[in-house]
Amino acid sequence: MSQTDKPENEKKGTAMIKVEHLVKRYGGAAFALDDVSFEIGEGEIVGLLGPNGAGKSTAMNILTGYLSTTSGKAEIGGVDILENPIEAKRMIGYLPEQPPVYPDMTVTEYLRFVYELKGCGFPREQHLADVMAAVKITDVKGRLIRNLSKGYRQRVGIAQALIGDPKVIIFDEPTVGLDPKQILEIRNLIRNLGRTHTVILSTHILAEVQSVCERIIIINHGRIIANERAEDLARVIEDNTHFRYAIVGDKNAVLDGLKGVQGVASVTPMNEREGDAFRYLVEGKRGVDVRRGVFRVCAENGWPILSLGAVGDDLESIFIRLVDRSDKEIDRK
Amino acid sequence: MSAIYKRELHAYLTSAIGYAFIALFFAVSGGVFVYTTLYAGTANPANYYSSMLIFFVILLPILTMKSFSEERKLRTEQLLLTAPVSIPAMVIAKFLAAMTIFSSCTVLCSCSFLLLAKYATVRAATVFGNLIAILLVGGAFIAIGLFVSALTENQLAAAIGTVGIILTFFAVPKLNSFIPVYWIRFVLSGVSIFSRFSNFTQGAFDFSALLYYLSVMAVFLLLTGRVYDRRRYR
Numbered sequence: 001m002s003q004t005d006k007p008e009n010e011k012k013g014t015a016m017i018k019v020e021h022l023v024k025r026y027g028g029a030a031f032a033l034d035d036v037s038f039e040i041g042e043g044e045i046v047g048l049l050g051p052n053g054a055g056k057s058t059a060m061n062i063l064t065g066y067l068s069t070t071s072g073k074a075e076i077g078g079v080d081i082l083e084n085p086i087e088a089k090r091m092i093g094y095l096p097e098q099p100p101v102y103p104d105m106t107v108t109e110y111l112r113f114v115y116e117l118k119g120c121g122f123p124r125e126q127h128l129a130d131v132m133a134a135v136k137i138t139d140v141k142g143r144l145i146r147n148l149s150k151g152y153r154q155r156v157g158i159a160q161a162l163i164g165d166p167k168v169i170i171f172d173e174p175t176v177g178l179d180p181k182q183i184l185e186i187r188n189l190i191r192n193l194g195r196t197h198t199v200i201l202s203t204h205i206l207a208e209v210q211s212v213c214e215r216i217i218i219i220n221h222g223r224i225i226a227n228e229r230a231e232d233l234a235r236v237i238e239d240n241t242h243f244r245y246a247i248v249g250d251k252n253a254v255l256d257g258l259k260g261v262q263g264v265a266s267v268t269p270m271n272e273r274e275g276d277a278f279r280y281l282v283e284g285k286r287g288v289d290v291r292r293g294v295f296r297v298c299a300e301n302g303w304p305i306l307s308l309g310a311v312g313d314d315l316e317s318i319f320i321r322l323v324d325r326s327d328k329e330i331d332r333k
Numbered sequence: 001m002s003a004i005y006k007r008e009l010h011a012y013l014t015s016a017i018g019y020a021f022i023a024l025f026f027a028v029s030g031g032v033f034v035y036t037t038l039y040a041g042t043a044n045p046a047n048y049y050s051s052m053l054i055f056f057v058i059l060l061p062i063l064t065m066k067s068f069s070e071e072r073k074l075r076t077e078q079l080l081l082t083a084p085v086s087i088p089a090m091v092i093a094k095f096l097a098a099m100t101i102f103s104s105c106t107v108l109c110s111c112s113f114l115l116l117a118k119y120a121t122v123r124a125a126t127v128f129g130n131l132i133a134i135l136l137v138g139g140a141f142i143a144i145g146l147f148v149s150a151l152t153e154n155q156l157a158a159a160i161g162t163v164g165i166i167l168t169f170f171a172v173p174k175l176n177s178f179i180p181v182y183w184i185r186f187v188l189s190g191v192s193i194f195s196r197f198s199n200f201t202q203g204a205f206d207f208s209a210l211l212y213y214l215s216v217m218a219v220f221l222l223l224t225g226r227v228y229d230r231r232r233y234r
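Here the protein sequences line up with chains S and F, keeping their order.
According to the working numbering, the residues represented by the first sequence are 1 to 333, in order.
According to the working numbering, the residues represented by the second sequence are 1 to 234, in order.
Keep in mind the hints are simulated off the structure, nothing from the lab.
We put the beta carbon where it would ideally sit given N, CA and C, even for glycine.
Careful: at least some of the hints might be erroneous.
[Claimed, not checked] Here are the computed lysine-lysine pairs in the BS3-like style, where the Cα-Cα straight-line distance is at most 30 Å:
| id | chain 1 | residue 1 | chain 2 | residue 2 |
| --- | --- | --- | --- | --- |
| 1 | S | LYS150 | S | LYS167 |
| 2 | S | LYS328 | S | LYS285 |
| 3 | F | LYS6 | F | LYS73 |
| 4 | S | LYS181 | S | LYS18 |
| 5 | F | LYS6 | S | LYS150 |
| 6 | S | LYS181 | S | LYS150 |
| 7 | F | LYS118 | S | LYS167 |
| 8 | S | LYS73 | S | LYS181 |
| 9 | S | LYS181 | S | LYS251 |
| 10 | S | LYS181 | S | LYS136 |
| 11 | S | LYS136 | S | LYS167 |
| 12 | S | LYS136 | S | LYS73 |
| 13 | S | LYS333 | S | LYS18 |
| 14 | S | LYS150 | F | LYS73 |
| 15 | S | LYS141 | F | LYS73 |
| 16 | F | LYS174 | S | LYS136 |
| 17 | S | LYS136 | S | LYS150 |
| 18 | S | LYS285 | S | LYS259 |
| 19 | S | LYS73 | S | LYS328 |
| 20 | S | LYS136 | F | LYS73 |
| 21 | S | LYS141 | F | LYS6 |
[Stated by the list, open to error] Taking CB as the label site, the calculated pair distances span:
| id | chain 1 | residue 1 | chain 2 | residue 2 | range |
| --- | --- | --- | --- | --- | --- |
| 22 | F | VAL57 | S | GLY142 | 35 to 45 Å |
| 23 | F | ALA125 | S | LYS150 | 50 to 60 Å |
| 24 | S | GLU20 | F | LEU214 | 39 to 49 Å |
| 25 | S | LEU144 | F | LEU115 | 34 to 44 Å |
| 26 | S | ARG25 | F | SER86 | 37 to 47 Å |
| 27 | F | ILE165 | S | ASP139 | 43 to 53 Å |
| 28 | F | ALA125 | S | ASP139 | 51 to 61 Å |
| 29 | S | ARG25 | F | PRO180 | 40 to 50 Å |
| 30 | S | ARG25 | F | LEU210 | 40 to 50 Å |
Could you put together the complete structure from these sequences and hints?
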């Protein structure tokens, strides 16, 4: 997909985050970011995906003003982060990969410090109480951060990002170290935040992206290789050739029938049953969609198809195939 | 900026290092006062302050070694650098916090001369001049310490590096007499932190020395800011 071909969703609201031709090189070495452009609208939740070292953290560090760019432009709410960093930083809440907490402070002391650091204007204690309640840390507010479990520290880190009610919230791996129940709570929190805030979520947990994000940006080797609405991502992979069928009928007859369909490369019975149907894995030749042919054969022979699923249209497979494809493209170059 | 300043003071006053510094400072000061003033039978504060200066070479790096290196190690610097606070404000806040602890200790220890004034004639101007001088030199050491602390995430390395730089300043006038070239001697004696100390100890106000110490502080604080700027552009 070309990087200028933006999905419809990107136009939702006015652009809160605008990145244009961002380039970052570390010490003149390889590109950490190579001509990256994207926009994120107000009230949008966008997932940032990519293998380790792809450039996700670099992108987030630039957006938060922690790193400078080699060239290109990054704007938060219309304010250039390089030209007017203080103003732009006021609009951002950031949870880095490792929560930036001071072990020698209590939770309340720490959040008061962050409140002052960000120069917030709300009634302090009420605001802190709201934030602590939102991430469920009120019960540990008097404890030293040093003595908190990893999950609680992570949540204190999230609370810190929410202080001052920033318009843009950037989370780097927000659910690391949380138990499954806490993970669901934090995902709900992020979903709720997305109603009124712009959220960027970087994570390795693909299910998290799928359940929370409206749009997914995949980065590999410093370049954007996909920028799609979550449900459209499968479209990016055009060479879907593997399908799983459950078909009622004599196993050998069905097997022979399927093998006779034009474009079918192989049929593998799966030794599984679904009611009175057998399951088969059908592989089509590259570039051929065998589903129509299979339907016709089954209809002609009176074999009901109970289920049909494309193999590899889950986010994980799409992600791996996209990254593999971009790796191959880079190798070719 | 005030948030970082308060946070720094909080860190000093809730950590073992802060208390170790204060305890050591008072112990050293007490010992030095006894030897240089009471045993020597003099009410002249010059010896006390000159001797304290030597102990600062070890004491002040204890105060500054954590400042930036700890932030880097804990990754809390990411919070500071992504907050709406400028790098100079962050550096100055940390400098002022260290200065607050150091000057409080120094001023409190100088109260020994108030007690002494009950039994002997103590010239207030001399004490005051010495106090100003030692605060200025201490400020210069703290600025050096902050700079080295910004270079590493290892506290021990920060402390040793600071001692190294301060000792270099110490060694310059001693080595100077071995250098046969006049202009090098002239420049090096100008750089020496300690040669400028003596006027103050006699109770005279040396404006050029004041300017010199303020410049050393400014240079090292600017360099500290540069370290952070450079890391952003690495």
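Quick rundown of the hints versus the structure:
{"no.": "1", "hint": "LYS150(S) to LYS167(S)", "verdict": "27 Å, holds"}
{"no.": "2", "hint": "LYS328(S) to LYS285(S)", "verdict": "21 Å, holds"}
{"no.": "3", "hint": "LYS6(F) to LYS73(F)", "verdict": "20 Å, holds"}
{"no.": "4", "hint": "LYS181(S) to LYS18(S)", "verdict": "34 Å, violated"}
{"no.": "5", "hint": "LYS6(F) to LYS150(S)", "verdict": "26 Å, holds"}
{"no.": "6", "hint": "LYS181(S) to LYS150(S)", "verdict": "15 Å, holds"}
{"no.": "7", "hint": "LYS118(F) to LYS167(S)", "verdict": "64 Å, violated"}
{"no.": "8", "hint": "LYS73(S) to LYS181(S)", "verdict": "39 Å, violated"}
{"no.": "9", "hint": "LYS181(S) to LYS251(S)", "verdict": "44 Å, violated"}
{"no.": "10", "hint": "LYS181(S) to LYS136(S)", "verdict": "12 Å, holds"}
{"no.": "11", "hint": "LYS136(S) to LYS167(S)", "verdict": "21 Å, holds"}
{"no.": "12", "hint": "LYS136(S) to LYS73(S)", "verdict": "37 Å, violated"}
{"no.": "13", "hint": "LYS333(S) to LYS18(S)", "verdict": "29 Å, holds"}
{"no.": "14", "hint": "LYS150(S) to LYS73(F)", "verdict": "17 Å, holds"}
{"no.": "15", "hint": "LYS141(S) to LYS73(F)", "verdict": "24 Å, holds"}
{"no.": "16", "hint": "LYS174(F) to LYS136(S)", "verdict": "62 Å, violated"}
{"no.": "17", "hint": "LYS136(S) to LYS150(S)", "verdict": "14 Å, holds"}
{"no.": "18", "hint": "LYS285(S) to LYS259(S)", "verdict": "12 Å, holds"}
{"no.": "19", "hint": "LYS73(S) to LYS328(S)", "verdict": "29 Å, holds"}
{"no.": "20", "hint": "LYS136(S) to LYS73(F)", "verdict": "27 Å, holds"}
{"no.": "21", "hint": "LYS141(S) to LYS6(F)", "verdict": "20 Å, holds"}
{"no.": "22", "hint": "VAL57(F) to GLY142(S): 35 to 45 Å", "verdict": "41 Å, holds"}
{"no.": "23", "hint": "ALA125(F) to LYS150(S): 50 to 60 Å", "verdict": "59 Å, holds"}
{"no.": "24", "hint": "GLU20(S) to LEU214(F): 39 to 49 Å", "verdict": "44 Å, holds"}
{"no.": "25", "hint": "LEU144(S) to LEU115(F): 34 to 44 Å", "verdict": "39 Å, holds"}
{"no.": "26", "hint": "ARG25(S) to SER86(F): 37 to 47 Å", "verdict": "25 Å, violated"}
{"no.": "27", "hint": "ILE165(F) to ASP139(S): 43 to 53 Å", "verdict": "48 Å, holds"}
{"no.": "28", "hint": "ALA125(F) to ASP139(S): 51 to 61 Å", "verdict": "59 Å, holds"}
{"no.": "29", "hint": "ARG25(S) to PRO180(F): 40 to 50 Å", "verdict": "49 Å, holds"}
{"no.": "30", "hint": "ARG25(S) to LEU210(F): 40 to 50 Å", "verdict": "45 Å, holds"}
Checked against the numbered hints given earlier, this structure breaks hints 4, 7, 8, 9, 12, 16 and 26; the rest are met.
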